[in-house]
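> So the sequence lines, in the order shown, correspond to chains G and B.
Counting in this note's numbering, the first sequence runs from 1 upward without gaps.
Counting in this note's numbering, the second sequence runs from 1 upward without gaps.
Simulated from the structure, these hints should not be mistaken for lab results.
A hint or two may mislead.
[To be verified] List of simulated lysine-lysine pairs, DSSO-like, C-alpha gap at most 27 Å: (1) B/197 - G/15; (2) B/351 - G/484; (3) B/304 - G/474; (4) G/484 - B/289; (5) B/48 - G/306; (6) G/162 - B/48.
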Amino acid sequence: MNNTYYGKLIFELSKKGRVGYSLPKNEFATYSTTQLPDHLLRKSGTILPEADEQTVVRHYTNMSNNNFGVDTGFYPLGSCTMKYNPKINEEMAALPAFSALHPTQPASTAQGALKVYYNVQQMLSELTGLSEFTLNPYAGAHGELTGLMIISTYHQKRGDLKRKKIIIPDSAHGTNPASAAVCGLEVVEVKSLENGRVDVEALKPLLSDEVAGMMMTNPNTLGLFETEIPEITRLVHECGGLMYYDGANLNPLLGVCRPGDMGFDVMHLNLHKTFSTPHGGGGPGAGPVGVRKGLEEYLPSPHVRKNDAGQFYLDYDANSLGSISSFLGNFTVILKAYAFLLSAGREHFKLMGPLAVLNANYIKEALKDVYELPIEGLCKHEFVFNGLKDKSTHVTTLDIAKRLLDYGFHAPTIYFPLLFHEALMIEPTETESKDTLDSFIATMRTIAEEAAQQPNVVKTAPHHTPTKRMDDVKAVKEPHLTYKSYTA
Amino acid sequence: MNYKYFPHTEDDIREMLQVCGVEDLEGLYAELPDSVKLGRDYRLPDAKSEIEVRREFEALGKENTPLVCFAGAGVYDHYTPAVINYVTQRSEFLTSYTPYQAEISQGTLQYIFEYQTLMADLTGMSISNASMYDGATATAEAMMMAMASVKKADRILISATLNPAVIRVTQTYAHFHGVNLIVIPEKNGVTDFDFMKSELEKGGVAGVIVGQPNYYGIIEDLSGIAELCHQNKALLIMNCPASTLAVLRTPGEWGADIAVGDGQSLGLPMNYGGPYVGYFCTTEALIRKMPGRIVGGTTDSDGKRTFVLTMQAREQHIRRQKATSNICTNQGMMTLFVTMYMSLMGPQGLKEVNEQSYAGAHYLHDELLKTGKFADAFPGQPFFNEFCVRTDTDIEQMQGKLLAEGILGGIRLTSEGKKDCILFAVTEKRTKAEIDKMVSLIKEA
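This is chain B alone, in the form it adopts within the complex (with noise of 0.2 Å):
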């Protein structure tokens, strides 16, 4: 056999083979109809050597090219301290599974009450699940719980000023769970706040869904939307990328009912697109239709303060399909990353990070505006360490010359009318070389 991962000798086999009374490997399987036995070997590469599949890889990445991001769209390049990725590898984190027994899981527990304060804390809002999937998935749960929670409500509004990726995971999800989801148009870049008014005045909205800051950096003035929504029995629902929280201001002081979005920005590498993790928030009288699981705190036969999952009778496991969702676990290792991320940086580096996010961006903006070349593409908003420029150059050849130096120069949006659109990102791991260089690439161009 000789294979590192099957610790069996061939005297083992044997021994084992006969307690079980069967004769060979082959015999285990007796039970099987020969219609659904596959008969051949599968045809797969031969097996590798730990030599081997390093130098696959290496040659894979070869063939990415590694780029100075100026993107951003729900996903920023910031900077992870070096301690997070190698005490998050401690194997007794990253071997264990959902804390079942708890007397041997308080360190899984513990990770997460304490992420759940914190993102409690972050976001004003009263409660925390354990986390969930990504921030788009988090929005779609925000919606089905919207919809269980409001009695006699047979839609939700959400405003298209939201991150597309994040509409569009909403939309699939609305579409097969029998939600009827409208988009409130965008109005110079924010929230069409009319159009909002007159749908909810109709009656019959269990939930409204803006994000803070939306996918085109602004900062949206919502006020008196939470007592707009009130006022019509809505639920107000805000999306916000997690590390802005620090600065600006939260859900909670917007008078929002949950508050969801991504994780990512606490210091998560971009990874492709995941994994990332998904807060969900909520005020203390929605916690029995929260999804996902809750860790609580008790204590043990010595009266020790220990943690365990908790109000599990809303859970999948227990309700089946009467659960508040069919989400299973929570998002483990991103959840212990973005504890230690928050545990590290604190009140003082977390705000910093975005101070320094924000003026990058703001001296970016003003820069590409210094050449003449774009225009504010929604005139007068203000917005945070991301902005939305218009342009007459052509886009992409623009973007193609800043690819061959290495630079990914912003991201071209898609939908009707703003093809002449480019949102920028800029995090604190741009340097002002780096700004100064692409701005002169770009006047070139």
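In isolation and in its complexed conformation, chain G is listed as follows (with noise of 0.2 Å):
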């Protein structure tokens, strides 16, 4: 990445009269909509730019000169697994045999796609221990909805109306207690130990008749796996309720353990994490949702089956929870991930889950003595620093962030959990080296020095990006959300 900052809008290039597109000529001209009711026809003005090709595609390319992505460098995200995206998987799922297909169109015309539906559909199953996976949900948050409308789908249908609440770990993802919000379940949360995990003894009277479930993030956000899953998902069976698995953080467990094996109901996996699929600076992701035996009947509609003469088709299940997606998701996703599953394979699948672990064991135990790290003992895909050891320098959580920056690395997700102060939650997945992990720690005690010895450069980074740190108060208290708001 260069540090030349990019600073126009395409509104800015805009010119009376120039033309980005070209279109055949109008072969029924006879018909116009000026024929419609006045009252029907948009009167408004726009502001939509006016711009040749060429200075559209420079625009462009200038923006994603100011951009970090995988490929610019290490990208250590917290909960995010930053792998490595590979580009056949890109090429594939852009084949026209692929993206030309209208979504109504009959399943005889698409049994292609919809094999690849199937399969994966099979192979997700495999890797978690579940018995059924849907494809639809758009991203994490919405398989969590999805997942979460299955489990009141099960209570509801068996008339047991009470239950009406969800336990879950103050360590959660705050999209958990959200999804449930929107699922109008009600959140009871339950505390983690001080060495990070689930207190159990903390959940014992939350147990009642009126519980839905419980949602646990294995491992949790800390990077710790839930040691006492086996007797936790024991209690909340054994008072009804139904175990949801948030598959965020699966990664580091594939090639060791299941989700299905250890007792959970539910879980939804994040295909753009995991399976390597792109994050696309927000979007898209796909979500599935994998249930245990018994609960297939409740996934969303439509759902890709096969029949006895081996052909796909789209079921609704009269049981089913309803539609989640007008369609069947994010279907490019899901071809990208197909890619990604193949190319993986037996072989390589075992090996993911504890490399990814390796990679994050290294930097913590590289770093530890300069970095606070508030829980000792393995991690799994990533851990959390409490901040710089030495508190005396006053120099940040977010000072060091911005300080990475300057040096060419992606910073990691902070301040997040929220159970330490000065988080910085560090993730590098199994696609990165040695060497570019040595690279990393080798900046991270530099960083450290610096704070030590001239905090003022730290405090004040970035400096060599293409832009400085940002007044993010301003963007409140003087709110431009449209470029009007600019002209005006």
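Two chains, each in its own frame: build the complex with the hints.
Here it is, written out as structure tokens:
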């Protein structure tokens, strides 16, 4: 990434009379929208820019130079699993034989597409130990919501209507309680122990016949395996609740253990984390949801199944919770994940988890003498430092994050989880080499030295990025949410 | 190991394990209870080389049939200019995360800001969020936002003339979220005004959701509906296919409070149903209730104009269960895609695409009626790029014959009383020759 700032907006490049498109001659010119009743037509002017093709291409290319991606450099953003995004996946997903399909065209003309769905469903089942997957949810949070709808439907269909409470650990991602609220459930928070795991003794008094279930992220957001899972699932099942597994952090467990075998009933996966599809600056993602045997009929509609003749078809089960997407989710993302599943296969999935865990522990051990490690012991995909060990410098986690940008690294996740004030959450993933990790470690040590010797350099970072520190307060106090407010 | 996505050499692993104080890779999982360990290989196919992956996809692709598309129902076969796929594949965009570190994410933040400007302009509303999953979930979010914004209200009205896929998703959210969602019946293809009026006048309605053009392609006359909603303290929520707003009266001009819909019609490939992009626009008065990410302008310490994620106090990572929505991020690449599309098409191009789609649809409509086999399903209603006709012909047989010729001949309606109806859509990609061919095949059937 260069540090040349490019700050123009497309509206500022517009010049009346320029065009960036070409269309065939209208063959039906006797028809025109001017024949519609006048009061049904748009009267307002428009801000749509007038620009030629090259201007548009240069504009967005210049903007891309102000961006940092996994292909630019190391991206140790905790809980986001920023692994390498294979390029063959992109090429396969863009094949016109898939991208030109209309979602309503008959299943008989889309058997190849449906077979991809079916195969991915099957492979995710094997990787997680659950019985059946839907690929309809559009993202992780959408998967959580879908999973909670399945849990609610299970209770509703049994006539068990008073189960409205959902237990969520205090270390959970914010989407867990937010998804529960959208699903109409009441959130009950359970505390973590000093060792970062769910407090089983604190859980016990929360269990009752009003509990719909419990959501757990494993490994949790501290990167720790929830070792009490067998006891927790036993307790929650005993009180009649279902166990939800937030699979956002599943990557480090690939090859080692499966949520289904741990007693979980419902889970979601993030194809854009564990299964290498690109995050795209925010999307599109995909959040497939899996269920154990006995819950398959509640999966959202439509669902891809195979009949006895080997034909794939769309099933609308009468007991389904309903539709959560217009069609079958983010198909292109599923194609990319399928390419990844095929490439990794039996041999490489089993090493994916261990190598991700090795990378995380390696950084942790190499830095814990200068950064405060609040919880000792083995971590899984990620770990959390509570800022610098030496607190006398007053250099904050935010300062460290910004200084890392100067050295060509993306920052870790900061100030999450909320359990520590100066949280720096680091997740390297298995696709990073020892060389990259060594250079990151060296840089983190350099920053620690800078913090002690010339703290101002760190506190005013970044210095070498396209733009400097932002005034977030001003963005709220003097809001500019569209270009119009700059021209008014 | 020899896997191109794992950079570790045997020596690397040995040295790293040593630093970790662990003997082997298995030792990294020492704290796990034995009862949860898998203890066997996955039952998955053997890893495939890139050549084999390509072969598999090519073989699967051959099991799909490319069709000349006359189907719509919310998903339209518009043309994608070549430069969009070219530029959106730049990995600085594609392989980045949500723009948390604004100093190295100005590319993403800036195109979202442009997107917000363009969508607010297209819908005639004051603000837009950074986008949502699709038009259906955006509609469900609008429903929940109306419930949270209007006091002493207990229900939402939704028109039966909306796309059934949108209704289905909204109903699912309503069921679990505890919203009493009432369907306003259809009358000659449009929303039953009298029913809506009487429901609104009973009081307690937080919002009314209508589609424009509606599922049948009809442009509804919504005169007086916004006023009626506002007199009864309800919000008007409009769902419109984004592209049509270049020509049709906008939600802002109709007096809507929330405009939602799908951005697929802005040149996104049909992709067998996704990914698309849901847009969500509203008035300044309602901004703090809006779901999703928002990007705003500010300055950096050098005084340069820059962009950041803003108004985050509404969101799940801050407010947890009290957030306005559970949505975590936006539809990133699809947002860039439609932003580039609008920038290339400009005011003239977007208008021309709609003109050609409108003209092609009206030509097809008239040619179909000339065969004597079809009649208007909803006589006298103005339509846009899509229309609904009724027929005595065996629809299954007719569509089968068209399929055999590589033509997707519209969508048969499935609702009660409409099973003899077909919905046809036309875009600028359809030629007169293609239309004439389909009509002549239907004529012979």
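> Quickly compare the C-alpha distance for residue 351 of chain B and residue 484 of chain G to 27 Å and report which way the hint goes.
Holds, because 22 Å separates the two Cα atoms, which is no more than 27 Å.
> Given the hint that residue 304 of chain B pairs with residue 474 of chain G, does the C-alpha gap stay at or below 27 Å?
Roughly 13 Å between the alpha carbons, so the hint for residue 304 of chain B and residue 474 of chain G holds.
> Residue 197 of chain B and residue 15 of chain G: Cα distance at most 27 Å?
violated (47 Å)
> Does residue 289 of chain B sit within 27 Å of residue 484 of chain G, going by the straight-line distance between their CA atoms?
Judged against 27 Å, a Cα distance of about 22 Å means the pair holds.
> Below or equal to 27 Å on CA atoms is what counts here, so check residue 48 of chain B against residue 306 of chain G.
Holds, because 24 Å separates the two Cα atoms, which is no more than 27 Å.
> Is it true that the CA of residue 162 of chain G sits at most 27 Å from the CA of residue 48 of chain B?
violated (50 Å)
Going down the numbered hints, you'll see the structure goes against 1 and 6, while the others check out.
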